[in-house]
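Below are the chains, spelled out letter by letter.
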Amino acid sequence: MARMKFICDSERCIECNGCVTACKNEHEVPWGVNRRRVVTLNDGVPGERSISVACMHCSDAPCMAVCPVNCFYRTEEGVVLHDKDTCIGCGYCSYACPFGAPQFPAAGTFGVRGKMDKCTFCAGGPEAHGSQAEFEKYGRNRLAEGKLPACAEMCSTKALLAGDGDVVADILRNRVLKRGKGAEVWGWGTAYGSRQGGQPQGQ
Amino acid sequence: MRATLVITAALFGLVACGESPQTANRVKQDAALFQGTGKPAPFVASGWKAGDRSSWEQQLKTRAQQGQNDYAKVN
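Protein chains in written order, with our numbering: chain V, 1 to 203; chain S, 1 to 75.
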């Protein structure tokens, strides 16, 4: 199996926040913590694009590199997970992550920063799969249930794709071929503007 | 007397060098995902066998195609 990956088709994302809601509901994520969020580029400008962002489960994850207590690990499927029993809540991973994925609950007294929380690709954590302890710390383990991440499965327009990297790349490639354009997908051209199809002139 | 004092002070000063390293060395023990959760059918997708890696991988591939590839569903 290839690595598990997310990809967001910005041609399809309608900023409904269904993925955010699905994630919060599935894992019972507390207030103040958003494992996933929708970001809109050029908001209000014709040709605006939205993308759904969470942990991208990097192949060479900066969070893993900077963690002083080495609480991160990677599964065989390429999912980057962490151990909350080892995490000290220092926040280094938050500074290192280019996607702003690490979240810190502020539910304690005086806004005490708790253990880091982030998208698990619905793969739980180091506790026993499907156990109550795993659910309370990391949320539901859908991959071990033979399912894909809730955010992607709940996406109404199927903009957010998740799964085996080869499969999701194939699905997106097919879409791009069918609609005859591909530069609008989340990437360099969308983020920084280009004059390719779908982008307003001069952007 | 002075020499003894210096040696004692040096020994006292080097005590910290003898400390054992305090590193987080907890070994991550996470079972493979294809092992499943051991829960009954309504909570687990059907069509694959827990503990069988190839059936689990095939299940995820099939689910991705059926659930996310609308071109495959329509055509």
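Misleading hints may appear alongside valid ones.
[As the list claims (entries may be wrong)] DSBU-like cross-link-like pairs, simulated, lysine-lysine; straight-line CA separation at most 35 Å:
no.: 1; chain 1: S; residue 1: Lys-39; chain 2: V; residue 2: Lys-158
no.: 2; chain 1: V; residue 1: Lys-178; chain 2: S; residue 2: Lys-61
no.: 3; chain 1: V; residue 1: Lys-147; chain 2: S; residue 2: Lys-73
no.: 4; chain 1: V; residue 1: Lys-84; chain 2: S; residue 2: Lys-39
no.: 5; chain 1: S; residue 1: Lys-73; chain 2: V; residue 2: Lys-24
no.: 6; chain 1: V; residue 1: Lys-84; chain 2: V; residue 2: Lys-158
no.: 7; chain 1: V; residue 1: Lys-115; chain 2: S; residue 2: Lys-39
no.: 8; chain 1: S; residue 1: Lys-73; chain 2: V; residue 2: Lys-178
no.: 9; chain 1: S; residue 1: Lys-73; chain 2: V; residue 2: Lys-158
no.: 10; chain 1: V; residue 1: Lys-137; chain 2: V; residue 2: Lys-115
no.: 11; chain 1: V; residue 1: Lys-158; chain 2: S; residue 2: Lys-49
no.: 12; chain 1: S; residue 1: Lys-61; chain 2: V; residue 2: Lys-115
no.: 13; chain 1: S; residue 1: Lys-39; chain 2: V; residue 2: Lys-24
no.: 14; chain 1: S; residue 1: Lys-49; chain 2: V; residue 2: Lys-137
no.: 15; chain 1: V; residue 1: Lys-84; chain 2: S; residue 2: Lys-61
no.: 16; chain 1: V; residue 1: Lys-115; chain 2: S; residue 2: Lys-73
no.: 17; chain 1: S; residue 1: Lys-39; chain 2: V; residue 2: Lys-137
no.: 18; chain 1: S; residue 1: Lys-39; chain 2: V; residue 2: Lys-178
no.: 19; chain 1: S; residue 1: Lys-73; chain 2: V; residue 2: Lys-84
[Claimed, not checked] Label-pair distances were calculated between CB atoms; the ranges are:
no.: 20; chain 1: S; residue 1: Gln-58; chain 2: V; residue 2: Asp-60; range: 25 to 31 Å
no.: 21; chain 1: V; residue 1: Gly-89; chain 2: S; residue 2: Val-74; range: 34 to 40 Å
no.: 22; chain 1: S; residue 1: Gly-38; chain 2: V; residue 2: Gly-180; range: 36 to 42 Å
no.: 23; chain 1: V; residue 1: Val-176; chain 2: S; residue 2: Pro-42; range: 35 to 41 Å
no.: 24; chain 1: V; residue 1: Arg-3; chain 2: S; residue 2: Ile-7; range: 43 to 49 Å
no.: 25; chain 1: S; residue 1: Arg-53; chain 2: V; residue 2: Asp-170; range: 17 to 23 Å
[What the hints assert, rightly or not] One-sided excerpt, in silico: chain S residues whose CB lies under 8 Å from chain V:
no.: 26; residue: Ile-7
no.: 27; residue: Gln-29
no.: 28; residue: Asp-30
no.: 29; residue: Lys-39
no.: 30; residue: Phe-43
no.: 31; residue: Ala-45
no.: 32; residue: Trp-48
no.: 33; residue: Gly-51
no.: 34; residue: Gln-66
no.: 35; residue: Gly-67
no.: 36; residue: Gln-68
no.: 37; residue: Asp-70
no.: 38; residue: Tyr-71
It is worth saying that the hints were derived from the structure and are not from the lab.
The structure displayed is predicted, hence computed values, not measured ones.
All C-beta atoms, glycine included, are put in the ideal place defined by N, C-alpha and C.
We went through each hint and held it up to the structure:
Under the criterion of a C-alpha separation no larger than 35 Å, the hint pairing Lys-39/S with Lys-158/V is consistent with the structure, at around 28 Å. Taking the CA atoms of Lys-178/V and Lys-61/S, the gap is about 21 Å. The hint holds against a cut of 35 Å. At roughly 19 Å between alpha-carbon atoms, Lys-147/V and Lys-73/S fall within 35 Å of each other, so this suggested pair holds. Taken as a hint, the Lys-84/V and Lys-39/S pair is honoured in the structure, with Cα atoms around 24 Å apart against an allowance of 35 Å.
The hinted pair formed by Lys-73/S and Lys-24/V meets the criterion: a straight-line CA distance of about 28 Å does not exceed 35 Å. Between Lys-84/V and Lys-158/V the alpha-carbon distance is near 32 Å, which keeps this suggested pair within the 35 Å criterion. For the hint pairing Lys-115/V with Lys-39/S, the CA-to-CA distance comes to about 28 Å; that is within 35 Å, so the pair holds. A threshold of 35 Å between alpha carbons decides the hint, and for Lys-73/S with Lys-178/V the separation of about 14 Å falls inside it, so the pair holds.
Taken as a hint, the Lys-73/S and Lys-158/V pair is honoured in the structure, with Cα atoms around 12 Å apart against an allowance of 35 Å. As the CA atoms of Lys-137/V and Lys-115/V are separated by approximately 10 Å, the hinted pair is consistent with the 35 Å bound. Of the pairs offered as hints, the one joining Lys-158/V and Lys-49/S holds, with about 27 Å between alpha carbons and a cut-off of 35 Å not exceeded. Taking the CA atoms of Lys-61/S and Lys-115/V, the gap is near 33 Å; set against the 35 Å cutoff, the hint holds.
Restraint check for Lys-39/S and Lys-24/V: satisfied, since their Cα atoms lie roughly 22 Å apart, inside the 35 Å limit. For the hint pairing Lys-49/S with Lys-137/V, the CA-to-CA distance comes to about 27 Å; that is within 35 Å, so the pair holds. Taking the CA atoms of Lys-84/V and Lys-61/S, the gap is about 30 Å. The hint holds against a cut of 35 Å. For the hint linking Lys-115/V to Lys-73/S, the alpha-carbon distance of about 42 Å lies beyond 35 Å, and the restraint is violated.
Restraint check for Lys-39/S and Lys-137/V: satisfied, since their Cα atoms lie roughly 19 Å apart, inside the 35 Å limit. Pair hint Lys-39/S plus Lys-178/V does not hold up; C-alpha atoms about 41 Å apart against a cutoff of 35 Å. Between Lys-73/S and Lys-84/V the CA atoms are separated by roughly 40 Å; this puts the pair beyond 35 Å, and the hint is violated. Checked against the hint of 25 to 31 Å, the pair Gln-58/S and Asp-60/V passes, with Cβ atoms roughly 29 Å apart.
Separation of Gly-89/V from Val-74/S is about 47 Å and departs from the stated range, judged on CB atoms against 34 to 40 Å. Gly-38/S and Gly-180/V have their C-beta atoms about 47 Å apart, which leaves the hinted 36 to 42 Å range violated. Checking the proposed 35 to 41 Å range against Val-176/V and Pro-42/S shows it holds: the Cβ atoms sit about 37 Å from each other. Restraint check, Arg-3/V to Ile-7/S: a C-beta distance of roughly 60 Å breaks the suggested window 43 to 49 Å.
The given range of 17 to 23 Å is respected by Arg-53/S and Asp-170/V, whose C-beta atoms sit roughly 21 Å from each other. A cut of 8 Å between beta carbons decides the hint on Ile-7/S: the least distance to chain V is about 37 Å, and the hint is violated. Hint on Gln-29/S holds. Least Cβ distance to chain V is approximately 6 Å, under the 8 Å limit. The restraint placing Asp-30/S at the interface with chain V holds, with a minimum CB-CB distance near 4 Å, inside the 8 Å limit.
At about 5 Å, the closest approach between the beta carbon of Lys-39/S and any beta carbon in chain V falls short of 8 Å, and the interface hint on this residue holds. The closest approach between the C-beta of Phe-43/S and any C-beta of chain V is roughly 6 Å, which is under the 8 Å cut-off, so the hint is satisfied. The restraint placing Ala-45/S at the interface with chain V holds, with a minimum CB-CB distance near 4 Å, inside the 8 Å limit. Taking 8 Å as the C-beta cut-off, the interface hint given for Trp-48/S holds, the closest approach to chain V being about 5 Å.
Below 8 Å, beta-carbon pairs count as interface contacts, and Gly-51/S has none with chain V, the closest being about 11 Å; its hint is therefore violated. Below 8 Å, beta-carbon pairs count as interface contacts, and Gln-66/S has none with chain V, the closest being about 10 Å; its hint is therefore violated. The criterion of a C-beta within 8 Å of any C-beta in chain V is met by Gly-67/S, whose closest approach is roughly 6 Å, and the hint holds. Evaluation of the Gln-68/S hint against chain V yields a held restraint, the C-beta minimum of about 5 Å falling below 8 Å.
Taking 8 Å as the C-beta contact cut-off toward chain V, the hint placing Asp-70/S at the interface holds, the least distance being around 6 Å. Checking Tyr-71/S against chain V: minimum C-beta separation of about 6 Å stays under 8 Å; hint holds.
Of the numbered hints listed earlier, those contradicted by the structure are 16, 18, 19, 21, 22, 24, 26, 33, 34.
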